[in-house]
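Protein chains in written order, with the working numbering: chain A, 1 to 175; chain B, 1 to 141.
For the record, the hints were derived by calculation from the structure and aren't laboratory data. From a predicted model like this one, the values you see are computed outputs, not experimental measurements. From the three backbone atoms N, C-alpha and C, an ideal C-beta is built for every residue, glycine too. Each hint should be verified, as a subset may be incorrect.
[Unchecked claim] Quick list of the computed label-pair ranges, beta carbon to beta carbon: (1) A:Thr131 x B:Asp91: 19 to 29 Å; (2) A:Asn165 x B:Lys29: 23 to 33 Å; (3) B:Tyr24 x A:Lys109: 26 to 36 Å; (4) B:Ser20 x A:Thr104: 52 to 62 Å; (5) B:Lys6 x A:Asn157: 19 to 29 Å; (6) A:Ala140 x B:Gly82: 19 to 29 Å; (7) A:Ala22 x B:Pro125: 37 to 47 Å; (8) B:Tyr24 x A:Asn133: 52 to 62 Å; (9) B:Glu72 x A:Lys103: 22 to 32 Å; (10) B:Val23 x A:Asn82: 17 to 27 Å; (11) B:Asp75 x A:Thr127: 26 to 36 Å; (12) A:Asn133 x B:Ile8: 29 to 39 Å.
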Amino acid sequence: MKMKKIFGLVVVVLLASSSVNAQKIYGTRNGKISFTAQKDEDVTAVNNEVVSRLSDKGEISFSLLLKGFKFAYAEMQTHFNNDYLQSNQFPRADFKGNITNIKTVDFTKNGNYKVAVKGNLTLHGVTKPITVNGIISVKAGKLTANAQFIIVMKDFNIDAATVTNQVNAEINCVY
Amino acid sequence: MKKWTKIILILATIAALIGSIMVYRIFTKPHRDVTSEAGVKMTAQQLFNAFKADEVAANALYLDKAIELSGEVLDQSTNQDGQSVVNFKTDDPFFVINCTFKTHPGELKPSSTITFKGICTGYIPDANVVVNEGVLVGVKP
Numbered sequence: 001m002k003m004k005k006i007f008g009l010v011v012v013v014l015l016a017s018s019s020v021n022a023q024k025i026y027g028t029r030n031g032k033i034s035f036t037a038q039k040d041e042d043v044t045a046v047n048n049e050v051v052s053r054l055s056d057k058g059e060i061s062f063s064l065l066l067k068g069f070k071f072a073y074a075e076m077q078t079h080f081n082n083d084y085l086q087s088n089q090f091p092r093a094d095f096k097g098n099i100t101n102i103k104t105v106d107f108t109k110n111g112n113y114k115v116a117v118k119g120n121l122t123l124h125g126v127t128k129p130i131t132v133n134g135i136i137s138v139k140a141g142k143l144t145a146n147a148q149f150i151i152v153m154k155d156f157n158i159d160a161a162t163v164t165n166q167v168n169a170e171i172n173c174v175y
Numbered sequence: 001m002k003k004w005t006k007i008i009l010i011l012a013t014i015a016a017l018i019g020s021i022m023v024y025r026i027f028t029k030p031h032r033d034v035t036s037e038a039g040v041k042m043t044a045q046q047l048f049n050a051f052k053a054d055e056v057a058a059n060a061l062y063l064d065k066a067i068e069l070s071g072e073v074l075d076q077s078t079n080q081d082g083q084s085v086v087n088f089k090t091d092d093p094f095f096v097i098n099c100t101f102k103t104h105p106g107e108l109k110p111s112s113t114i115t116f117k118g119i120c121t122g123y124i125p126d127a128n129v130v131v132n133e134g135v136l137v138g139v140k141p
């Protein structure tokens with residue numbers, strides 16, 4: 001009987017603490033990230049299988065597979081994977097970070113909220129801290145994250161100098 | 001015309017020709033079509049098990065390969081660019097095989113068993129294995 005009481009108490013405490021720390025996590029397995037080479041608009045690709053999670057406490061993550069980038073031109077896709085990104089060796093890119101001004105986002109109220117995101121981007125085997133400004137849109141409880149930023153090739157030891165030194169990347173994830 | 005100017009002209013013509021063939025190739029090479037490839041036949045569960053056990057080994061075996069995957073449909077949805085997406089169930093409730101169709105397969109009911117052939121692009125821990133650019137091979141009656 002005593003054991004049962006203790007067990008009951010533990011359950012109650014656990015439930016109470018989990019509700020205090022409860023955070024809502026929004027997620028998608030099919031978010032969208034695209035990029036375009038800065039000096040050649042023909043070099044453009046899109047990935048529709050971005051896994052992203054966003055918590056109302058401000059944690060945010062994105063993961064994608066380099067082989068999932070679809071180019072308009074097949075030959076470019078081959079060069080991207082084999083010559084520039086070595087996608088067999090480094091199949092995935094990951095970002096993990098925090099929205100530094102999460103308090104300004106009201107997840108219960110429709111609107112477009114400007115956010116600043118700070119975190120680490122791992123690409124081509126190199127991890128670098130980055131800061132990106134974006135917008136979180138809330139519409140009828142549905143979230144969308146949008147951001148545009150520049151990736152400098154040499155920051156991630158990517159030698160694509162014959163094509164471009166940097167790309168414009170765009171995030172558009174519906175959760 | 002002097003002999004050397006002729007040689008230079010011929011060389012320049014050859015270089016221009018090779019250059020234009022290279023540019024032509026870049027803009028006309030067709031995208032890979034999985035329908036004409038023989039896929040590695042396996043179940044969704046087997047593919048998940050392989051990646052869960054050893055990502056590097058599974059990448060060596062399956063990355064960029066045509067996979068003919070059979071399994072139970074968890075759900076069907078549409079991605080942000082209008083393509084049909086099916087998630088296959090695994091024995092881990094948080095983990096699926098995420099499959100994107102390049103041609104719409106029509107409506108696929110949850111819990112039905114289907115076979116899908118596509119290209120494996122890799123593994124995202126705690127989430128899914130991705131197979132894309134795929135087609136429907138069959139639906140189990």
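For each hint, the structure was consulted:
Take Thr131 of chain A and Asp91 of chain B: their Cβ atoms lie about 40 Å apart, and the range 19 to 29 Å is violated. For Asn165 of chain A and Lys29 of chain B, the hinted distance range of 23 to 33 Å is satisfied, since their beta carbons lie about 25 Å from each other. Checking the proposed 26 to 36 Å range against Tyr24 of chain B and Lys109 of chain A shows it is violated: the Cβ atoms sit about 54 Å from each other. A beta carbon spacing of about 55 Å between Ser20 of chain B and Thr104 of chain A agrees with the range 52 to 62 Å that was offered as a hint.
With their beta carbons about 47 Å apart, Lys6 of chain B and Asn157 of chain A fall outside the hinted range of 19 to 29 Å. Remark: the range hint 19 to 29 Å for Ala140 of chain A to Gly82 of chain B is upheld by a beta-carbon distance near 21 Å. One distance hint, 37 to 47 Å for the beta-carbon pair Ala22 of chain A and Pro125 of chain B, is violated here, with the actual separation near 24 Å. A hinted range of 52 to 62 Å for the beta carbons of Tyr24 of chain B and Asn133 of chain A is inconsistent with their spacing of about 41 Å.
About 43 Å separates the C-beta atoms of Glu72 of chain B and Lys103 of chain A, a value inconsistent with the hinted range of 22 to 32 Å. A hinted range of 17 to 27 Å for the beta carbons of Val23 of chain B and Asn82 of chain A is consistent with their spacing of about 19 Å. For Asp75 of chain B paired with Thr127 of chain A, a C-beta distance near 34 Å keeps the hint of 26 to 36 Å intact. At roughly 55 Å, the beta carbons of Asn133 of chain A and Ile8 of chain B sit outside the given window of 29 to 39 Å.
In summary, the numbered hints that this structure violates are 1, 3, 5, 7, 8, 9, 12.
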